[in-house]
Structure formats: structure tokens, C-alpha cells
Amino acid sequence: MPRITSAAQFLPYILFCGAILAVPSIVSDPFLLNKFARYLALGLAAAALALSWGYCGILNLGQGVGFGLGAYAMAMHLKLKTSPVHTGTAGLPDFMVWNNLDHLPWFWQPFHSGLFALAAAVLLPALVAALLGWFMFRARIAGVYVAIITLAMLAVTNLLFVDQQAYTGGLNGITDLAWFEMGGVEFDPYSPAFYYLSAGCLAFFLMLGMVFTRSKAGLVLRAIGSGTDRVLFFGYDMASYQCLAFSLSASMAGVAGMLYAMVLEFASPTFMGVPISLSMVIWAAVGGRGSLLGATVGAILVNGTQGSLSETFLDSWQLILGALFILVVVFLPNGIAGLANSLGARLSGRARGMAARSAAPSALLNRR
Amino acid sequence: MSYLELHGLEVSFDGFKAVNGLDLSVERGELRCLLGANGAGKSTTLDLICGRTQPTGGRILLDEHDITYDPEYRRARRGVGRKFQVPSVFKELSVRENLEIARSRHPEPWCTLRAFPGRRLSPRVAEVVEIVGLEDALDTRAGHLSHGQTQWLEIAMLLVQDSALILMDEPTAGMTIQETGKTSAIFQRLRGRHTLIVVEHDMGFVREIAETITVLHQGRRLSEGPIRVIENDPKVREAYLGSGGISHA
Ligand SMILES: Nc1ncnc2c1ncn2[C@@H]1O[C@H](COP(=O)(O)OP(=O)(O)OP(=O)(O)O)[C@@H](O)[C@H]1O
Ligand SMILES: [Mg+2]
Numbered sequence: 001m002p003r004i005t006s007a008a009q010f011l012p013y014i015l016f017c018g019a020i021l022a023v024p025s026i027v028s029d030p031f032l033l034n035k036f037a038r039y040l041a042l043g044l045a046a047a048a049l050a051l052s053w054g055y056c057g058i059l060n061l062g063q064g065v066g067f068g069l070g071a072y073a074m075a076m077h078l079k080l081k082t083s084p085v086h087t088g089t090a091g092l093p094d095f096m097v098w099n100n101l102d103h104l105p106w107f108w109q110p111f112h113s114g115l116f117a118l119a120a121a122v123l124l125p126a127l128v129a130a131l132l133g134w135f136m137f138r139a140r141i142a143g144v145y146v147a148i149i150t151l152a153m154l155a156v157t158n159l160l161f162v163d164q165q166a167y168t169g170g171l172n173g174i175t176d177l178a179w180f181e182m183g184g185v186e187f188d189p190y191s192p193a194f195y196y197l198s199a200g201c202l203a204f205f206l207m208l209g210m211v212f213t214r215s216k217a218g219l220v221l222r223a224i225g226s227g228t229d230r231v232l233f234f235g236y237d238m239a240s241y242q243c244l245a246f247s248l249s250a251s252m253a254g255v256a257g258m259l260y261a262m263v264l265e266f267a268s269p270t271f272m273g274v275p276i277s278l279s280m281v282i283w284a285a286v287g288g289r290g291s292l293l294g295a296t297v298g299a300i301l302v303n304g305t306q307g308s309l310s311e312t313f314l315d316s317w318q319l320i321l322g323a324l325f326i327l328v329v330v331f332l333p334n335g336i337a338g339l340a341n342s343l344g345a346r347l348s349g350r351a352r353g354m355a356a357r358s359a360a361p362s363a364l365l366n367r368r
Numbered sequence: 001m002s003y004l005e006l007h008g009l010e011v012s013f014d015g016f017k018a019v020n021g022l023d024l025s026v027e028r029g030e031l032r033c034l035l036g037a038n039g040a041g042k043s044t045t046l047d048l049i050c051g052r053t054q055p056t057g058g059r060i061l062l063d064e065h066d067i068t069y070d071p072e073y074r075r076a077r078r079g080v081g082r083k084f085q086v087p088s089v090f091k092e093l094s095v096r097e098n099l100e101i102a103r104s105r106h107p108e109p110w111c112t113l114r115a116f117p118g119r120r121l122s123p124r125v126a127e128v129v130e131i132v133g134l135e136d137a138l139d140t141r142a143g144h145l146s147h148g149q150t151q152w153l154e155i156a157m158l159l160v161q162d163s164a165l166i167l168m169d170e171p172t173a174g175m176t177i178q179e180t181g182k183t184s185a186i187f188q189r190l191r192g193r194h195t196l197i198v199v200e201h202d203m204g205f206v207r208e209i210a211e212t213i214t215v216l217h218q219g220r221r222l223s224e225g226p227i228r229v230i231e232n233d234p235k236v237r238e239a240y241l242g243s244g245g246i247s248h249a
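Chain order of the listed sequences is A and B. In this text, residue positions in the first sequence follow the UniProt record's numbering: the first is 1, and each later residue adds one. In this text, residue positions in the second sequence follow the UniProt record's numbering: the first is 1, and each later residue adds one.
Hint data in this document are derived by calculation from the structure and do not stem from the laboratory. Yeah, the Cβ is synthetic: ideal placement off N, Cα and C, and Gly gets one too. Some clues are possibly wrong.
[To be verified] Some chain A residues judged to face chain B by a derived CB distance under 8 Å, without partners named:
#1 220
#2 228
#3 244
[To be verified] To be clear about the criterion: a stretch of chain A counts as covered by chain B if any three or more of its residues have a C-beta under 8 Å from a C-beta of chain B, and this derived list gives those stretches:
#4 207–215
#5 232–239
Sequences are here, hints too, so could you generate the full structure?
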């Protein structure tokens, strides 16, 4: 696939970011804004997966780990903020009181600070991914084994959070959250302010991801993603590149999870469950795992369709989703983004052909 | 002390010793040819030097450093470059992108994260592209190149990588006579500035480029010296008996 100039590569990203940031000026229904903000959060999670899977060949079936950690980090802060309304005698979150805790565990203490929660939502998933990645990639584990290990990691994390009821709220998770507040702005999940927060985060990470994948490091990652260890013989430490992509992806998933917890006003172990993690794989595949924007759009489209269809076909939705996945894998291996790319290439090829015919002499001069 | 030294190098695959107590020293700037029948252990020797295979015994010294157990990427950073017997390029990437990967003087992530390769080729890369004749294929996906072009691309990548020690595994395999001539011209230019170890079956090519030849047999060094000595060595004749003497190997 010949690469078009980088300006043309940036254009769809800029258009998309402009479009999502313009939504509140058209839509004023708070419920709709809330719904869109949720889709954007999920779009960010899919983009995160595209970064590790699409670019670097790391099929992370445990994307829910980063997503869930981000969600819980924010939920812990927002739970503490409800104090003392939803809290028991010692200013403790309700579920701790039910579990007979008499003081706030030490690792909950710093979550009084919103800034700390934000940092934790970004850094904690990256840290966990870096650790797991270090063991996996140093040992040259690749391909389907990565999928199995990340899935196992997801199961373990999920079990841990369900099991440690006194600290995590167990199966219920952390519920009845306050609104996030920063710099005097209150992010009511049904407000334009919150929508802008979601859209801003997504736009920021799409741009960051775009720059990252255009860098030489991104090129090295694509070379690694093609499934050889040839880069080693040019001096690139493959494992540290893989760790980098894996951690950045986990960080993005963490931010997505954080937004998701804010928009739903709770965090639950289902956020780090198998169904949501596999759904992310489907969204990314539908949109095109080779493109951050494609994966984002895939997530938004699938969730949008799910939102409008599942009221009518509640039971068969999973079936529809599965069928969609199979169809895409068979007929559109590069997803919607691949379709758009080949259409764009055909159009620009035709335009170039016409330009060349009408301006043959200058075209000759322009050749080198 | 020589630039590259192998001492009693040994590797065993499930009990089979593909390389079996190999001693070899190569001086800085030398062009050394490795000969040997199929399965003699030539590729495996290069694998051991570049780190693709871990030895089960012996030592490898490069420029007085013991690199026996260094990972591949460390050896590459110390100046070991490798062309594989089966051309090994990044098929999903364009020729231009392949060459950009080969430009690996600063391979650490914190350097590559700040580098944004543009479409302009550096003078060095442009020169190499011209030498190997891939000017018109820069935006072709490497997977779409012909076998010969893939061979040239990998050679170009090694030229761009500019390693001090270059290990070439059958670089002229599948090349036409003209292309082989071009390859030998390239090697003549590299001679002296780089240390080269070349595995080749094409005796015409070997005659053209080699000063010293090492003949491997069953993972050991059978004979070593200039081409005349090798050709007249009875041990070499014996080892090659099945294939009718070294000249026809
Ligand atoms: N990874 C491996 N596992 C098992 N056996 C191996 C492995 N690599 C090489 N061998 C065996 O070691 C021997 C030497 O192989 P090597 O590839 O080094 O030969 P060569 O001299 O390069 O031969 P050719 O001229 O055919 O390329 C062969 O018998 C081969 O089958
Ligand atoms: Mg070989």
C-alpha cells in the first residue's frame, strides 16, 4: 500500500476531531450528549487496541485490564468525593462499612486528590502493561500466546477485583459516584462540559497516536508487527519497542475506562470482563485495526447501531455482532478504514491520471 | 588479537553438532570466504556470530569484547550486520521504509520517537539506492519485489546499516551473471573499510573476491588459505569428492 503524503494522512483525523468537537453546538439533548460521550470513550478504547494490535501485532485480548484500572482509579476518587453523603460513620465508602472496615485503606488515601486519580488512570495501566510486557516480550512470546496470556491476565485481574470486596466493592463495583471537578468546572455527565472532556481526550490521543505512528519508532513497530525479528539485526531492541506500544495502548485504554466510569457514574468488574475486551477486538476489526481513526469509528458505529437496535432485537444482538465480525474478517480484512483507503486511492489515482493527461509537460518536468 | 575470533565454538541441535569446535580469526578489514558442502555449518556459524543461535560451547570475541551471550540487538549495535540466506526484508513495508529501518545508527526508542522520516532520502541512502538500482521501486511494497530485487534490497539495507562486520549468506544466489559481477564490484569497494564474511557457492565469484578462504566440513574448519592452496588441498578434495571437487561445488 503506497503511502500518500503525510498531510493527506492527517486530514481525516483533523476532520474527525473537528466534527466530534462540534457536536454540542448542534445537539443539546443531555441524554444524547451523554450517549455520544460514552461512544467516544469506547472509541478511545478501540483506538488503543488498534495501536497495539494493528500496528505492532500484539493481539491484546485483555484490553479490559487497562480500561478497568482507569475506571476504578477514577471511581475511587469520585466515591471519596461523595463523602459524607453516601458514607458511613467514619466517612468510609458504603461498601467498606458493610464489609466491617473501620478505616480507609492506605492505598485509597491518595485518591482524595483528583489529580492523583487522573495520573493513576493514565499511569497505572501503563505500569501494569510494562511489567507484563517486559516478561512476555523479553521471553520472545508472540502471536497467539500473547492473546492467551493477556486473556489470563484479564481473568486474574477480574477475579482479584471481585474477590477483594472490602476494597473494591466486589461484584457490585463502586457505585453512586460524585461528579468529577477540576479547575472549578463540574463535569456533570449529561453536560456539554463532560462531552468536551470526552471528545478532547479522544482528539488528544488520536493526534498523539497519529504522531507516534508517523515517527520512526512507529515505523519500527510496523516492521515488528509484520511478524519477523529482523529488526533485532539492525540493533533495535524489539522487546522495549513492544513494551512501549503495549504500555501506551494500556494508558489510552485507562483514560477510556476513566471516562466510561464518569459517564456511567459507576465502575464494575464487568469493565474488566471478557465480553467487553472481546467487543473491543470486534470494534477495532470492523473499523480497521490498521488505523487508529478506523478503529475509533468502528467502535462508535457498532455501539451506535447496538444502541438503536438492541431495544428491538435485545436477544439476538450478540448474534448480529458475531455475524458482523465474521463478515468483516472475510470480506473487509482492513475494516472500514481499508475500504475508505482503497476508495480514496482509486479516486486520487483517477484524479492524478486526469491531471497527468492535461498537464503532461509539467508532469515530466516535475519528475525528480 | 584479531577483530573477530571464534574459539572452540560449538552448537548442538538435539545432540547433532552443526558447529563442532570451530576456531576462526578474521582481521579487521578482511574479506573472508566461507566454503563448504551443503550442511557443513556455514549458515549456522553466521547465526552464532550474529546471535540468532546461542552456542552450547566456546567463545566469540568481537574487537576484544566477549559477545558470546549478548542478545542480537547488542551485537548489531557493536557493528554486526547480517544478510540472510533466504532474503529477509519487511514485506509489508515499502522499499523506502525498509531502507529507513536499516538506517539504524540511533536505534533506541527515545531517539526514534523524536525522528520523523520524511520522503527525502539522505545522501547516503540515495547513493545506495542508485548502486543497487532500486530508484524506481522506492514506493513498492517489498513483498511485491522479484526475488532478485529482494536480494538487492537486503544488500542495500546492509550498505545503509554500514556495519563494521558484515555477514553475507549467499548474496549472489539467484542472480544473473551481470548482477553477480555488480555484487563483486560492491564487495571490492567494501573491502578494507568493512570486515566481511561471505558464504558463497559460486566459485567464479569466490575467485574474484576472496583473499583467504576457510573451508568448513561437518562443523569444523577443514582448511584455510588462499584459493590456490584450498584448491590443491587433498583434504578438501576428499570432502568434496561426492560433488566432484571444489571447482564444481
Ligand atoms: N535450528 C536447527 N535445528 C536443527 N538442525 C539444524 C538447525 N539449523 C541447522 N541445522 C542443521 O545443521 C546443519 C548445518 O546447517 P547450515 O544451515 O549451517 O548449513 P550450510 O553450510 O549453511 O548449508 P547450505 O549450503 O545448504 O546453506 C544442517 O545439517 C542442518 O540441517
Ligand atoms: Mg546455508
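Assertion that chain B covers the region 207–215 of chain A - criterion: three or more residues, beta-carbon distance below 8 Å: Answer holds; 3 residues pass the 8 Å Cβ test.
At least three residues with a C-beta closer than 8 Å to a C-beta of chain B: is that true for the region 232–239 of chain A? holds (count 7)
Does the closest beta carbon of chain B sit nearer than 8 Å to the beta carbon of residue 220 of chain A? holds (6 Å)
Let me know if the C-beta of residue 244 of chain A comes in closer than 8 Å to any C-beta of chain B, holds or violated. Holds: closest Cβ of chain B sits about 5 Å from residue 244 of chain A, inside 8 Å.
Hinted contact residue 228 of chain A with chain B - closest CB pair below 8 Å: holds (7 Å)
The earlier numbered hints are all upheld by this structure, with none contradicted.
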